[in-house]
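There are 2 protein chains.
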Amino acid sequence: MGTMSLLSLLEAEAGQYVSGEEISRKLNVSRTAIWKQVRKLESDGYKIDAVPRLGYRLTGKPSRLSLQELLPKLQTKRFGRQIKLLETVPSTQDELRKLAEEGAEEGTLVIAEQQTKGRGRMGRYWVSPAGKGVWMSLLLRPPVPLPLTPQLTLLAAVALSRAISRIVPLEIGIKWPNDLLVGGKKISGILLESAAEDERLRYVVVGMGISVNLDAEDYPEELLEKAVSLKMAAGAPVNRSELVASILVEFELLYDLFLEQGFAPIRTLWEAHSVTLGHLTTLFTPQEAIEGIPRGLDDMGGLKVEMADGSLRTVYSAEVGVRQE
Amino acid sequence: MGTMSLLSLLEAEAGQYVSGEEISRKLNVSRTAIWKQVRKLESDGYKIDAVPRLGYRLTGKPSRLSLQELLPKLQTKRFGRQIKLLETVPSTQDELRKLAEEGAEEGTLVIAEQQTKGRGRMGRYWVSPAGKGVWMSLLLRPPVPLPLTPQLTLLAAVALSRAISRIVPLEIGIKWPNDLLVGGKKISGILLESAAEDERLRYVVVGMGISVNLDAEDYPEELLEKAVSLKMAAGAPVNRSELVASILVEFELLYDLFLEQGFAPIRTLWEAHSVTLGHLTTLFTPQEAIEGIPRGLDDMGGLKVEMADGSLRTVYSAEVGVRQE
Chain A
2 MGTMSLLSLL
12 EAEAGQYVSG
22 EEISRKLNVS
32 RTAIWKQVRK
42 LESDGYKIDA
52 VPRLGYRLTG
62 KPSRLSLQEL
72 LPKLQTKRFG
82 RQIKLLETVP
92 STQDELRKLA
102 EEGAEEGTLV
112 IAEQQTKGRG
122 RMGRYWVSPA
132 GKGVWMSLLL
142 RPPVPLPLTP
152 QLTLLAAVAL
162 SRAISRIVPL
172 EIGIKWPNDL
182 LVGGKKISGI
192 LLESAAEDER
202 LRYVVVGMGI
212 SVNLDAEDYP
222 EELLEKAVSL
232 KMAAGAPVNR
242 SELVASILVE
252 FELLYDLFLE
262 QGFAPIRTLW
272 EAHSVTLGHL
282 TTLFTPQEAI
292 EGIPRGLDDM
302 GGLKVEMADG
312 SLRTVYSAEV
322 GVRQE
Chain B
2 MGTMSLLSLL
12 EAEAGQYVSG
22 EEISRKLNVS
32 RTAIWKQVRK
42 LESDGYKIDA
52 VPRLGYRLTG
62 KPSRLSLQEL
72 LPKLQTKRFG
82 RQIKLLETVP
92 STQDELRKLA
102 EEGAEEGTLV
112 IAEQQTKGRG
122 RMGRYWVSPA
132 GKGVWMSLLL
142 RPPVPLPLTP
152 QLTLLAAVAL
162 SRAISRIVPL
172 EIGIKWPNDL
182 LVGGKKISGI
192 LLESAAEDER
202 LRYVVVGMGI
212 SVNLDAEDYP
222 EELLEKAVSL
232 KMAAGAPVNR
242 SELVASILVE
252 FELLYDLFLE
262 QGFAPIRTLW
272 EAHSVTLGHL
282 TTLFTPQEAI
292 EGIPRGLDDM
302 GGLKVEMADG
312 SLRTVYSAEV
322 GVRQE
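Note that the protein sequences, when read in sequence, are chains A and B.
Residue numbering for the first sequence follows the numbering used here, beginning at 2 and increasing consecutively.
Residue numbering for the second sequence follows the numbering used here, beginning at 2 and increasing consecutively.
Careful, some of the hints might be misleading.
It does not matter which identical chain is used: a pair holds within one copy or between any two.
Straight-line C-alpha distance at most 20 Å; calculated SDA-like pairs for lysine to any residue [as the list claims (entries may be wrong)]:
hint: 1; residue 1: Lys227; residue 2: Arg268
hint: 2; residue 1: Lys232; residue 2: Glu292
hint: 3; residue 1: Lys62; residue 2: Ala265
hint: 4; residue 1: Lys227; residue 2: Gly21
hint: 5; residue 1: Lys78; residue 2: Trp36
hint: 6; residue 1: Lys99; residue 2: Glu198
hint: 7; residue 1: Lys118; residue 2: Gly104
hint: 8; residue 1: Lys176; residue 2: Pro73
hint: 9; residue 1: Lys78; residue 2: Lys118
hint: 10; residue 1: Lys62; residue 2: Leu87
hint: 11; residue 1: Lys232; residue 2: Arg142
hint: 12; residue 1: Lys176; residue 2: Glu198
hint: 13; residue 1: Lys78; residue 2: Arg142
hint: 14; residue 1: Lys232; residue 2: Leu100
hint: 15; residue 1: Lys118; residue 2: Glu198
hint: 16; residue 1: Lys187; residue 2: Glu226
hint: 17; residue 1: Lys99; residue 2: Glu43
hint: 18; residue 1: Lys186; residue 2: Arg163
hint: 19; residue 1: Lys85; residue 2: Val321
hint: 20; residue 1: Lys187; residue 2: Glu172
hint: 21; residue 1: Lys176; residue 2: Phe285
hint: 22; residue 1: Lys41; residue 2: Asp216
hint: 23; residue 1: Lys27; residue 2: His274
hint: 24; residue 1: Lys187; residue 2: Asp216
hint: 25; residue 1: Lys227; residue 2: Gly174
hint: 26; residue 1: Lys27; residue 2: Glu198
These are computed hints drawn from the structure, not numbers from a lab.
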C-alpha cells in the first residue's frame, strides 16, 4: 500500500471519519499496515484523528509554500519582489539562469516545492524531496569585479546562518567557504554560479538548498552521518514561508551593507560564525592537498592558512576535510 | 551595380575573358563603373586580368579560411584540435558557449567567416564582415580559482600580440587589460566570458576578433580614428590561416607556461608590451573615476595605480581613458 492511496481515501471523505475496516477492505491491507501509514503521514505534516470505532479522519495538511503566505512577511525592497514559485522543476539554478540571460532583475527568486535534478557543488546530486525543504535560487547583479566573487560566497553563508537562527533556535556554524552545519552535520548547501564578461560580473545565481522538514527516512542511509534537517535538529517542524522571508530580508540587508561598506563587516561576521578557523585542516585544491590551520580571511575573501613552518598561504578554492586533532 | 553581379558574371565564365561591352550590356552599367568595381574586387583579394579588347578575366580569389590549409600549420597538442568552421554565425561566443555546456574539450575552437551579431565588451557591436577578419572563440577549462581569471585576460592579450607580430611586422602595444593597438588604434578585441561554480571556473570562452584584411570602407566613419586593420597598418593583406595557426600555437605555449609556472612570466611579458604603464590614466570603474599612473600588475593580475598622493590602488575592472599629458 502506498501512502497516496490512504491519503486519497481520507481526502475524498473531506474531514469525515473512515473506519479502519473500510480502509482495510478498499485498499486490501492489514490494520497494522494502515497504522504505519498513518504515522508516516503524520511525520510528513498531515494531521490525522484516530478514534476507536469511528476510524480515521484527516484534519490538517502539511504547510505548503504559497505566495499569499510569503509576500506579507517580505520586508525587502528588491529581493523576492519577483518570485517564480514552481511545483516541480529539474533545478531552480538552471531555471533562474535562463531568466537571468533574458534580463531578469536583481532579486528575482525561483523557488520550487521539489527539484528533480537538484545539484550541489561539483555537480553532485542534492536531495530535494517535495514539500520538505527550501530549494531556491536568487539573482544578484553585483557591481563588483569578478575577483571579488569569493566575498559573495561568504556573504551568502552569513546571511543564511543568521536568517535560520532567527527562526529556529539552533547554533549554526559555517564551514569554509559556505556549508552550514549543526552539530557538525550539514543542514544546507549554497552554490553560486557566476557569469562574467572579462572582469565584469554579468550576474550571480545563488542557489540555496535547506533541509527544513526532512525526516531521517528521506535521506540515503550513507548521508545520515553527514546531514541533518532543521526539524530533526530542533525537534519540531519549521514554517518554510517564514524561513524564506527571513532569508530574503537578511540577505538583502547584508548585501546592501556589502555594497556600501565593502567586505570588512561581512568578514567579521563570517569569522565569528566559522567552525573552520583554528582547526588543523586539509584543503584539497585541484593541484594539491594543503595542510594547515586556517587563521582568517584576507581582503579578497581568500582563506589564510598557517602552514607547519609558520608561513601563510591563501586559498581560494578547495574542498575541505577537517582532521581530528 | 553591386560587386556581386560583376563577380558572378566573371565566375560564370570560369577564367575566360568577358568583354567590357558584354558586361556593360548585361549589367546595364557604364565602363567607368565596371572599372571601379574591378578595383574594389582586387582590393578584396580577387585577382583580375584586364586586357584591352579581350576584357576581364578572374584569375584568383581571396584566400578563405579552410581547414585543409589551417590544420597542417597547427603545431599544437590541444588548442584547435577540435574546430568548428562556420560560414556565418550570429556570434562565435554564443556558439562555443553552447558547446562548452555540452561538455566540449579544452582547446575547442569556433571560427566563422562572418558574424552577424559579433559582440565586443559591454555588449557593444563588433564590426565583423565576411572573409576579412579572424572572428573566433577558444575554449579553456583552467584548473585555477575564479579570482585568478584576470590573469587569463592578460595572458590572452600577450598571446595574441606575440602571435600577430610573428606574422606581420608591426609593433603591437597592449592597452590594459587586453586591447591590442597599432599606432594607438585598435586592431583587435578580446572578450573572456567565464562561467563559475563557487570559486571553481567551469570554463572560459576566449573571444578574439582581429581586423585582418578590412579596408577603410569597411568601418563606420566614426571608428576610423580609433580602429585599424592589419592590412591597413602593414600595407599588405595577411594570410588568415597562418595567423590563426600562429595564435593557437602561441596561446597554447603561454597557457601551458602559466599552468606550470604561474602568473610571473605572463606578468613580465604583459608589462613589456604595455602602453598603459607610466602614463597618467583615468580608469572608470562602475563606482567612480580613478586618476593615476599605472605602475604595474599585482600578483592577482590587478592593475596597480599610483595616485596623486603617492598611494597605490589596485583596479580589477574599469574602462580606460588615456589622458594627454
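Hints and how they fare:
Taking CA atoms no more than 20 Å apart as the test, Lys227 paired with Arg268 passes in neither setting, with 26 Å inside one copy and 44 Å between copies. In this assembly of identical chains, the alpha carbons of Lys232 and Glu292 never lie at most 20 Å apart, being 35 Å within a copy and 55 Å across copies at closest. For the homomeric pair Lys62 and Ala265, neither the shortest alpha-carbon distance inside one copy (45 Å) nor that between copies (62 Å) is at most 20 Å. With identical chains, the CA atoms of Lys227 and Gly21 are never at most 20 Å apart, being 39 Å at best within one copy and 85 Å at best between copies.
For the identical chains of this complex, Lys78 and Trp36 are neighbours neither inside a copy (48 Å) nor across copies (66 Å), given an alpha-carbon limit of 20 Å. In the homo-oligomer, the alpha carbons of Lys99 and Glu198 lie at most 20 Å apart both inside one protomer (17 Å) and across protomers (16 Å), since each shortest distance falls under that limit. When the C-alpha separation of Lys118 and Gly104 is checked against a cutoff of 20 Å, the pair qualifies only between copies, where the shortest distance is 18 Å, while the shortest distance within a copy is 24 Å. For a Cα distance limit of 20 Å, the shortest separation of Lys176 from Pro73 qualifies neither inside one copy, at 33 Å, nor across copies, at 52 Å.
For the homomeric pair Lys78 and Lys118, neither the shortest alpha-carbon distance inside one copy (31 Å) nor that between copies (36 Å) is at most 20 Å. For the homomeric pair Lys62 and Leu87, the shortest alpha-carbon distance inside one copy (19 Å) is at most 20 Å, but the shortest distance between copies (57 Å) is not. In this homomeric assembly, Lys232 and Arg142 never come within 20 Å of each other (Cα to Cα): the closest approach is 33 Å inside a single copy and 40 Å across copies. For a Cα distance limit of 20 Å, the shortest separation of Lys176 from Glu198 across copies, 17 Å, qualifies, whereas the shortest one inside one copy, 30 Å, does not.
Proximity of Lys78 and Arg142 under a CA criterion of 20 Å is satisfied intra-copy only: 15 Å inside one chain copy versus 38 Å between copies. Proximity of Lys232 and Leu100 under a CA criterion of 20 Å is satisfied in neither setting, with 32 Å inside one chain copy and 42 Å between copies. With identical chains, the CA atoms of Lys118 and Glu198 are at most 20 Å apart between copies only, with a shortest distance of 16 Å across copies and 28 Å within one. In this assembly of identical chains, Lys187 and Glu226 lie within 20 Å of each other by CA distance solely inside one copy; the values are 9 Å within and 59 Å between copies.
Taking identical chains as interchangeable, the C-alpha atoms of Lys99 and Glu43 are never at most 20 Å apart, the minima being 38 Å within one chain and 46 Å between chains. Within a single copy, Lys186 and Arg163 get their C-alpha atoms as close as 17 Å, which meets the 20 Å cut-off; across copies the closest is 52 Å, which misses it. Neither within a single protomer nor between protomers do Lys85 and Val321 lie at most 20 Å apart by alpha-carbon distance, with minima of 34 Å and 39 Å respectively. In this assembly of identical chains, Lys187 and Glu172 lie within 20 Å of each other by CA distance solely inside one copy; the values are 12 Å within and 57 Å between copies.
In the homo-oligomer, the alpha carbons of Lys176 and Phe285 lie at most 20 Å apart inside one protomer (14 Å), although the nearest pairing across protomers, at 37 Å, exceeds that limit. Within a single copy, Lys41 and Asp216 get their C-alpha atoms as close as 10 Å, which meets the 20 Å cut-off; across copies the closest is 76 Å, which misses it. Taking the closest pair of Cα atoms, Lys27 and His274 never come within 20 Å of each other, the shortest separation being 54 Å inside a single copy and 83 Å across copies. Proximity of Lys187 to Asp216 under the C-alpha cut-off of 20 Å is restricted to the intra-copy arrangement: shortest distance 14 Å within a copy versus 62 Å between copies.
Proximity of Lys227 to Gly174 under the C-alpha cut-off of 20 Å is restricted to the intra-copy arrangement: shortest distance 14 Å within a copy versus 54 Å between copies. Taking CA atoms no more than 20 Å apart as the test, Lys27 paired with Glu198 passes in neither setting, with 62 Å inside one copy and 51 Å between copies.
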